[in-house]
Every structure is written in C-alpha cells, then in structure tokens.
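S.K.: Here is what each chain is made of, one letter per residue.
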Amino acid sequence: MSLKLADVHRIALLARIEITDAQAQESADQLNDILAMIERISRVDTTDVAPMSHPLDGVQRLRPDAVTEQPDRERTMVNAPEQQDGLFLVPRVVE
Amino acid sequence: MSATPKPADLAHASLAQLGGLLDRREVSAVELATHFLGRIERHRNINAFLDVRPEVTLAQARQADARRAQGETGPLLGVPIAHKDVFVTRDWATTASSRILEGYISPFDATVVESLAQAGMVCLGKLNCDEFAMGSSNENSAYGKVLNPWDHGAVPGGSSGGSAAAVAARLAPIASATDTGGSIREPAAFSGITGTKPTYGRPSRWGMVAFASSLDTAGLLTIDAQDCALAFNAMLGFDPKDSTSVDRPREDYTRALDIDLKGLRIGVPTEFFAAGLEPEVEAAVRAALREYKDMGATLVDVALPNAALGIPVYYVVASAEASSNLSRFDGVRFGLRAKQYDDLLDMMRKTRAQGFGAEVKRRILVGTYVLSHGYYDAYFLQASRVRRVIANEFQQAFSQCDIIAGPVTSGVAFGFGEKSADPVAMYLADLYTVPSSLAGIPAMSIPCGFGRLGRPIGLQLMANHFDEARMLGVAHRYQAVTDWHTRVPAGY
Numbered sequence: 001m002s003l004k005l006a007d008v009h010r011i012a013l014l015a016r017i018e019i020t021d022a023q024a025q026e027s028a029d030q031l032n033d034i035l036a037m038i039e040r041i042s043r044v045d046t047t048d049v050a051p052m053s054h055p056l057d058g059v060q061r062l063r064p065d066a067v068t069e070q071p072d073r074e075r076t077m078v079n080a081p082e083q084q085d086g087l088f089l090v091p092r093v094v095e
Numbered sequence: 001m002s003a004t005p006k007p008a009d010l011a012h013a014s015l016a017q018l019g020g021l022l023d024r025r026e027v028s029a030v031e032l033a034t035h036f037l038g039r040i041e042r043h044r045n046i047n048a049f050l051d052v053r054p055e056v057t058l059a060q061a062r063q064a065d066a067r068r069a070q071g072e073t074g075p076l077l078g079v080p081i082a083h084k085d086v087f088v089t090r091d092w093a094t095t096a097s098s099r100i101l102e103g104y105i106s107p108f109d110a111t112v113v114e115s116l117a118q119a120g121m122v123c124l125g126k127l128n129c130d131e132f133a134m135g136s137s138n139e140n141s142a143y144g145k146v147l148n149p150w151d152h153g154a155v156p157g158g159s160s161g162g163s164a165a166a167v168a169a170r171l172a173p174i175a176s177a178t179d180t181g182g183s184i185r186e187p188a189a190f191s192g193i194t195g196t197k198p199t200y201g202r203p204s205r206w207g208m209v210a211f212a213s214s215l216d217t218a219g220l221l222t223i224d225a226q227d228c229a230l231a232f233n234a235m236l237g238f239d240p241k242d243s244t245s246v247d248r249p250r251e252d253y254t255r256a257l258d259i260d261l262k263g264l265r266i267g268v269p270t271e272f273f274a275a276g277l278e279p280e281v282e283a284a285v286r287a288a289l290r291e292y293k294d295m296g297a298t299l300v301d302v303a304l305p306n307a308a309l310g311i312p313v314y315y316v317v318a319s320a321e322a323s324s325n326l327s328r329f330d331g332v333r334f335g336l337r338a339k340q341y342d343d344l345l346d347m348m349r350k351t352r353a354q355g356f357g358a359e360v361k362r363r364i365l366v367g368t369y370v371l372s373h374g375y376y377d378a379y380f381l382q383a384s385r386v387r388r389v390i391a392n393e394f395q396q397a398f399s400q401c402d403i404i405a406g407p408v409t410s411g412v413a414f415g416f417g418e419k420s421a422d423p424v425a426m427y428l429a430d431l432y433t434v435p436s437s438l439a440g441i442p443a444m445s446i447p448c449g450f451g452r453l454g455r456p457i458g459l460q461l462m463a464n465h466f467d468e469a470r471m472l473g474v475a476h477r478y479q480a481v482t483d484w485h486t487r488v489p490a491g492y
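Sequences listed follow chains A and B, in order. First residue of the first sequence: 1, per our numbering; consecutive thereafter. First residue of the second sequence: 1, per our numbering; consecutive thereafter.
Hints were generated in silico from the structure; no laboratory data involved. The reader is advised that the hints may include incorrect statements.
Have a look at the derived ranges for each label pair, beta carbon to beta carbon [claimed, not checked]:
hint	chain 1	residue 1	chain 2	residue 2	range
1	B	G263	A	Q25	57 to 67 Å
2	A	Q25	B	S243	33 to 43 Å
3	B	A421	A	E74	38 to 48 Å
4	A	V93	B	A303	55 to 65 Å
Derived contacts from chain B toward chain A, CB cut-off under 8 Å, selection only [to be verified]:
hint	residue
5	R99
6	Y200
7	V300
8	V313
9	G331
10	R337
11	Q340
12	A353
13	V366
14	S384
Non-contacting residues of chain A with respect to chain B, defined by C-beta distances greater than 10 Å in every case (computed) [to be verified]:
hint	residue
15	K4
16	L5
17	D21
18	Q25
19	V67
20	A80
21	P91
We treat Cβ as the ideally placed atom computed from N, Cα and C, and that holds for glycine.
Based on the provided sequences and hints, a complete structural model is requested.
M.R.: Printed below as a string of structure tokens:
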C-alpha cells in the first residue's frame, strides 16, 4: 500500500510535528520509497521465530525502590524554556 | 628534562606513545592539551568541533599533571580525548547536533565521559555529528557539514563524522563515538582510522542521547587497535544506571594484542562480496585477507543469507525506537520552545517542526507509522523476528570461524550532496555494518588501503559477543605488519 497525503498528515499529528501540505507531499513520496524498501521483510518466513527486542535477550533489571540521588534543581532548571519560581511554565491546559 | 618532541610529531603520536611521554615527564598534560587546542583552532575549517572551552580543558590538564606529581600513573592519565556531542557533559554544551538542544547544558556527565575522566583523560571539547546520530555522511548536522581531512570534497562519514575527522586530522588522539547501525565503522573507513564498536551492553548508555535503545552502543575512534584496547579498559564496565548494561567483570582488552594467528579461522561471508561492491574496495579487502593468510590464519567461506535484509529491518526497528525516544523533545522542560503558538498541542507541534531537521522528522514519521494501530504486526513485529533470523545466522557462522571479515562500505567516501537527495540510497551506505549492529556483536573498521582520489578504504572485523579482546588482537597483528593506520592526510 502507499501513503496518501491524508495519511501523512495523520502520522505527523500523532508524531506532534507540524507539517505543511507541500511538506506532506514531499514526505509522502519519500516515505513511500522507504516503505517499499522495508516491504522486503515480509518475504521471510518467520513462523516459529520469536521477536528479538534485545541483542542478548536481556531482561529489564529492577533495582530496589530507594532514593539514590537528589536532582540538582538549579542546574536542571537552567535549561527550562520558560520558568517562574522554580517551576516549568506551559500554556494553560485547564480552564 | 629530555628533548621535547617536535609539535608535529606530538600530534601524530598514538595514545600509547603519548602515555609513555607523560610517564617519562617528557611532556606535561598541559603542554599536550595546549598543543591539541592549537591544532583545533588552526583547522576550524573542517568543522569537526562544536564546542571548545580551552579554560576548562586546561583546568582538567592541570589536574592530571597534579595527579602525576603525586605519584599516580596510568596509560590514560593526562592524555587528551574529544567526545561526540551525543554524550552529555556538565562543562560543555550538548546538542546532539540538533537545533532543538541548542545551548543545552547537562546537569551531569555521561558514564562514558565520567569513566574516561576518572582515568585522567583530558576533554578537548565536543564533536560534530549527524543530528541525533541519524545519518551516514554528517550532512544532517544542524551546525554544518564536516570536511574529510583526506579530501575536503568528500564526506567524513557519519554519524560520528566529527569524531572521525578529528582523529584523522590528529586534532585529538582519540575520540568517543556511538554506533547504532554503523556510525563508528563507516566514518572510520571513510576517514582512514580505526573505529571500534564493542558488544551491545558493555559500554553504558547512561548520558548518551538516546536514538535507538536496543542498538545504541558507545565506542571509540582511534589511530590503532592498541589505543582502543587501552581506552576500553577504562571505558567498558557494568553501570547500574543503564538498565541494559551487562553485568560482567571488567576485562583487560590488551590481553590478546599479541595473539598467534596460526589456526585462527577467519570467516568470509560471500554475501559481502556480491554485486554492488566496488572493485577497488574488494581488491583492498582481499589483499588484507591474503595478509592474514600469510600470517597463518585460515580463510573459510561463511553464509549470512539474510544480511541484506539488515537495512529494511534496521529502518523499522531504529525508526520505531527513535520515534519513542525523541518524544521527550516537546518544548516543555528543556531545549527549544517555539516562539508563537496557540495552545499546548500547537506548541509541541511547532517546537518539533522548528527544532528537528528533515532526516530526524522523516525517521520519526516512519517510526510512528510502523508502530501505529494496524501496522505494528506487519512492520515492527516482523522486523523484530527477521532481526533474530539475522542474529542466528551470525551464530551459525561463528560455529565455523572465530572472526568474520569483509568490507565496511561498498565504496570510498562519497562527495557532498551525492546521496543526500535520496534517503534510500543513503540508507544503503550501511549495508555491511547494520547486520552486526542488529546482532549486537562487536565489530570494527581498520584502514587497509586507498581508492580513487586518495580516499581511504576500511577492512571490517566482527567477533562474537564479548570477544572484543581477540578482535582487537587480530586487528593489532595486521597493524603490526602494515602502515595504513599511521598515514596522516597532507596538511595535517
């Protein structure tokens, strides 16, 4: 299948990336090229093959739920795009 | 004090030689740092460095000298290094070569940076790369292209292009780098230096800006294999802060440098020499294989029938993981925030549209699509299954051989703009490097000749999981009888 303009707009919205119609058209062509290349994996018979999500088949290690360090608040807030009284500022989300 | 070596010689010295000079007090860490900072300044035109802060570097160098004055020794104590800009650093900005992180200062150092600093390495600054390590030419950096020191009309390779160019031009004797699908080996091959990716999980990912977490592996670009082994001793080890870090005892990676090649079985995958491989690369790689045979190794044909599917598998898996990892860049807590917007959703969409470059957006879109409802099974799940098929083929091959060898790239470094208009053509540049990344095995590129326009060619060596010491030894033995790795581009 190939992606239409509306598909690209839907994906871009899911990905939270603003995209113009012209960009969506260009992206549709490129994404379709990439998906055509990817399509080749469908030809492999993987009936009894388990998906591999970690090269060493490792499992997520858990640690005791204990405080191990304190964040450096000052050094962290230095990077905030907008802040006030040591808090992150965002556009109003609750009226 | 005995005779100080000439400045040009100093920069051309390997890490092992620099350690010797420091040991014998023939040079100080401050003198070394000053010398390399001068070269960085003189060769700014290749655009390898993104952030240089001489006062911080010199303070670290003074500290290393003080440690030596107190009787401390160590092969890395006082030796300079530069870090790829995907490793976060407290004292230098970290951008991952993206606009979205312009000016970002991390509150902590990456474990890799910290471990090497503890061993006494002096940081020279941060190195240019493809944005979020996505690319094969360094043309995707938001801060401009990096020139290949061998030929300013050629790309240095990517994504660790700044790391490769810096070491090739001897602006740093060693540089950290990361490899997700070939980002250490391909630039090493294009830039005529040694590039090594260890087993997935051996180096910590803590403080490495995440691209594809099941593939991202820190490694090194060095002049030779011995230098890599010396630095791996300090860099690789279990890190409780990285949930996929492998809990194994530390190793001495120099222990097999003098390995006897008699009886060593080198597997040659026939698929790596199929159509598409340029004759000059095949000739150089086959000549290197003959060299190994002359030293006593046995060459055996091995098969990796689905290795060619590595590229499509990779672009599903890596893009999916990237789309998830990069969701943290939303303009809320750090990084860029769009100047004008209507509401929260609009702020995020505009921030990401303005902050990410074209290739990063492309991969996020591909990743979002392959993970979306209705497509997950056909794309992501099937790719994860084929990934295991490829990994199993490596295990099958390693039942017949100790090391696998072949080309790193199909051709020498290409020119600027040659592949940037066609994403799929650019992706295929990683044909020979992606399969071992998917399998998580160690792999490296060592210089083995030169092709058209005097551009370097690399030989790829791959080993089974946790067998990097032997792989480095096999590389070292080749470098003991050849001098490709000691060549320095004209003007540097």
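S.K.: Give a verdict on every hint.
M.R.: Hint check:
1. Between G263(B) and Q25(A) the CB atoms are about 60 Å apart, so this pair conforms to the stated range of 57 to 67 Å.
2. Between Q25(A) and S243(B) the CB atoms are about 41 Å apart, so this pair conforms to the stated range of 33 to 43 Å.
3. Hint check: A421(B) to E74(A), Cβ distance near 46 Å, so the stated range 38 to 48 Å holds.
4. The given range of 55 to 65 Å is respected by V93(A) and A303(B), whose C-beta atoms sit roughly 57 Å from each other.
5. Against a cut-off of 8 Å between C-beta atoms, the interface hint on R99(B) is violated, since the closest Cβ of chain A lies about 13 Å away.
6. For Y200(B), the suggested interface contact is upheld, since its CB lies about 4 Å from the closest CB of chain A, less than 8 Å.
7. Violation of the interface hint for V300(B) is found here, the shortest Cβ-Cβ separation to chain A being roughly 24 Å, above the 8 Å cut-off.
8. At about 6 Å, the closest approach between the beta carbon of V313(B) and any beta carbon in chain A falls short of 8 Å, and the interface hint on this residue holds.
9. Taking 8 Å as the C-beta contact cut-off toward chain A, the hint placing G331(B) at the interface holds, the least distance being around 6 Å.
10. Checking R337(B) against chain A: minimum C-beta separation of about 4 Å stays under 8 Å; hint holds.
11. The criterion of a C-beta within 8 Å of any C-beta in chain A is not met by Q340(B), whose closest approach is roughly 11 Å, and the hint is violated.
12. A cut of 8 Å between beta carbons decides the hint on A353(B): the least distance to chain A is about 4 Å, and the hint holds.
13. Hint status for V366(B): holds, given a least beta-carbon distance of 6 Å to chain A, under 8 Å.
14. Checking S384(B) against chain A by beta carbon gives a least distance of about 4 Å; that is within 8 Å, so the hint holds.
15. Against the 10 Å criterion, K4(A) stays outside the reach of chain B, whose nearest CB is about 13 Å from its own CB.
16. Interface exclusion of L5(A) from chain B stands, the closest Cβ pair being 13 Å apart, more than 10 Å.
17. The Cβ of D21(A) sits about 14 Å from the closest Cβ of chain B, beyond the 10 Å cut-off, so the non-interface label holds.
18. Every Cβ of chain B is farther than 10 Å from the Cβ of Q25(A); the closest lies at roughly 13 Å, confirming the non-interface assignment.
19. Every CB of chain B lies more than 10 Å from the CB of V67(A), the least distance being 14 Å, so the non-interface label holds.
20. For A80(A), the non-interface assignment is contradicted: its Cβ lies about 6 Å from the closest Cβ of chain B, within the 10 Å cut-off.
21. Not every C-beta of chain B lies more than 10 Å from that of P91(A), the closest at about 5 Å, which undercuts listing it as non-interface.
The structure fails hints 5, 7, 11, 20 and 21 (numbered hints given earlier, in ascending order).
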